[in-house]
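Asks: Sequence:
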Amino acid sequence: MSSLNLKGLARVALVAGLSLGLSACFRPLNGPTASGQSLQTELASIDVPEVEWPQGLENAGHYLRSELIYALNGSGSDTPKRYRLDLALRETKTSPVVDSEIGTASSVIVGGTLSYTLTSLDGKTVITRGTATAAASFDRFTQRFANIRAGRDAEIRLARDLAGQVKTRLAATLATRS
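Just so you know, the working numbering puts 227 at position 177 of the sequence shown, and the rest follows in order with no gaps.
It should be emphasised that the hints constitute simulated quantities derived from the structure, not laboratory data. Treat the hints with caution; some may be incorrect.
Unchecked claim - Quick list of in silico lysine-lysine cross-link-like pairs, DSBU-like style, CA-CA up to 35 Å:
id	residue 1	residue 2
1	Lys57	Lys143
2	Lys174	Lys217
3	Lys131	Lys174
4	Lys131	Lys217
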């Protein structure tokens, strides 16, 4: 009986030792960054400048910029800027299902690809760059204004999803940067 207790105790000690050894490998994303600043302060110091969006992307670009500003600095505090986030958005609309009776699409998928580059405020040092992709769908109706509103809601959901992806990636980058 005592040999079973020793084996169980040895297993517990082994698991505890491994977990303590690995605990130093993980850094909480909401903790202080390597530079000692809080992550929220680092994210709030990112400037998202106005972008001259191509024709047809003005609304989606506006929603995306607004979502990014809110995601990075939801407090609204005036934080001194240290970084600049440059954006390039591509949007696609596909209609996978077409109603054969009236010849119109019954649903639409709005896809977006956002390329971003985080640089120092002067633009000389690239900190990170990447691409985020997302999609949102909406159903089409016989009412024209309902379709317009549904399309706008899909663009807002797409912008929110892309902004969330970019915020997470920027947070991971800035958390480890000294």
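Asks: State for each hint whether it applies.
Replies: Checked hints:
A threshold of 35 Å between alpha carbons decides the hint, and for Lys57 with Lys143 the separation of about 61 Å lies outside it, so the pair is violated. Between Lys174 and Lys217 the alpha-carbon distance is near 22 Å, which keeps this suggested pair within the 35 Å criterion. Restraint check: the Cα-Cα separation between Lys131 and Lys174 comes to about 15 Å, which is no more than 35 Å; the hinted pair holds. Restraint check: the Cα-Cα separation between Lys131 and Lys217 comes to about 16 Å, which is no more than 35 Å; the hinted pair holds.
Taken one by one, the earlier hints fail for this structure only at number 1.
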